[in-house]
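Assemble the whole structure, with the sequences as input and the hints as a guide.
Number of protein chains: 2
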Amino acid sequence: MPDESVFDFKGYLKTKREMVDRALRGIFPAPEGLSADVVDAMTYSLFAGGKRLRPILCIAGAETVGGSGAAVLPVACALECIHTYSLIHDDLPVMDDDDLRRGKPTSHKVYGEALALLAGDGLLTEAFDIMTRPELIRGLPAERLLRAIHIIAHASGFNGMVGGQVVDIQMEGRTADLTTVDFIHRHKTGALITAAIVSGAVLGGGSEEDEAALEFYGLKIGMAFQISDDILDIEGDREIMGKPVGSDEARQKMTYPALLGLEEARRVEEGLVDDAVEALARFDSSAEPLRHLAAYIIQRKK
Amino acid sequence: MPDESVFDFKGYLKTKREMVDRALRGIFPAPEGLSADVVDAMTYSLFAGGKRLRPILCIAGAETVGGSGAAVLPVACALECIHTYSLIHDDLPVMDDDDLRRGKPTSHKVYGEALALLAGDGLLTEAFDIMTRPELIRGLPAERLLRAIHIIAHASGFNGMVGGQVVDIQMEGRTADLTTVDFIHRHKTGALITAAIVSGAVLGGGSEEDEAALEFYGLKIGMAFQISDDILDIEGDREIMGKPVGSDEARQKMTYPALLGLEEARRVEEGLVDDAVEALARFDSSAEPLRHLAAYIIQRKK
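Chains A and B supply the protein sequences, listed in that same order. So in the working numbering, spot 189 of the first sequence is number 189, and the numbers just go up one at a time. In the working numbering, each residue's number is its place in the second sequence (first place is 1) plus 302.
Heads up, some of the hints might be wrong.
[What the hints assert, rightly or not] 27 Å max Cα-Cα, derived DSSO-like pairs, lysine-lysine: (1) Lys316/B <-> Lys353/B; (2) Lys411/B <-> Lys312/B; (3) Lys253/A <-> Lys411/B; (4) Lys555/B <-> Lys411/B; (5) Lys104/A <-> Lys14/A; (6) Lys406/B <-> Lys353/B; (7) Lys316/B <-> Lys109/A; (8) Lys555/B <-> Lys109/A.
Derived by calculation from the structure, the hints in this document are not laboratory data. What you are looking at is a predicted structure, and each value in this text was computed from that prediction instead of being measured.
What follows is the structure in structure tokens.
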């Protein structure tokens, strides 16, 4: 376990989150004109209290390999747009039909289904607009940026997040085995988390070996993150989750704790974090944020 | 009016359409694995008989400024993915609620609403995956490609297509003036059509003046295209449209012909095509396809 006295992890999280929030505020102007409503809906969800985990992982990925965290901010912001779009669409009545998210009414509850759908579409598109906007990307080499965009797009589409969500909704109410649950986690959550770290490393100028190590790290914490979420759904309190506890069970979603029991799920989770931290052995103190992040991800309940 | 005897426009359209279709088939593999259903839904709509107008405009844009049409194929294919995603989402019950598109059942009629929504998300994301896929973009300079992606993303999001769709659904059943109808056309249809041509010109290495001329051309034919669509909706036959005639009127959508009458709408349409062709004066025979395309766009009913 990393030593809190050496590295101020809470301060790190706060600083980076504020950095991302400032950048996002700068990118999203106040809604105006005929299509103001959709911009309003986009910013409502974007500023609904997200932890900015993916942007922070991208920044940490860049800094771990010796790159600049500030330079990757447009990509970090884009990752948050993609994450937020996926939440808006997942919450729609035709998908998970959730009324609450982070303790606030979901997009379609506030803006109606049509506008929520379009706000999601708008955020997904905006992600790629931001990552290619001339005034934002001056500090980033074009070839590296194209690679980073590809990693993120690939992880977001049918090979990643969209593919995971498809299987997730198709399995609802049916019995899934561990292989299927694994597939869903890896694609729905793990892919974008991994892409966040690896795209940061690519933009930061990391070597192939750096990228491989951080990809391994990302896969492990992505999986740990999802299992932790499922455990929280069972035992977490409503305040931390911002949504009703036990909703997975009510929906008969297959999860690690449901399949393996709480204790075994927690053991798996801890093993994943250990593996993730081990993969960082090649990095010096520059990887300290990622070491702490791995532990943080499964300790959110504390 | 361009002389058909000099330039085989029909042959041109056919060749380019086949070129795009081959490229799209190569990009979309047969669905396999757990998320096969969403790939199936994506390809269903992608190969439902589209005219490939946006890809052809991109190729023509590149060739007009002396660039290679084959080199821009990944971007051309991406434009068709974005166009197709927008149709799938527009057809959803929560939006226009259309059962037929190009004479075939719409995506949600075949796959259900959840999968249709995800197929749209998948296609939009895939567009950016394709435009940055290393094996597809070898022939394109990275800086130009980033500019082209930005033009396309910007035209697809809340500043373009998504913004137009928002106003379109909000105005349904309400009285819109010409300014609002103009806004909807310009954003919902015009933006991506213009982006298709301009991105082609950027990738083909056109000068700033070339880009400006082609942007003007794009704005004019984009508008003409939408007015032509609205006229077809009133007087076209169901076979050409692939959807019920008179659906705009039934839905009380405000359109040019509804606001100005058929005859005046046709005059506006022809004026737009004349303006578009005039903007091509700086180009030699390389712009012949675009000259024919301008006329073709408003003559689809013949």
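Exercise. Which numbered hints does this structure break?
Worked result: 2, 7
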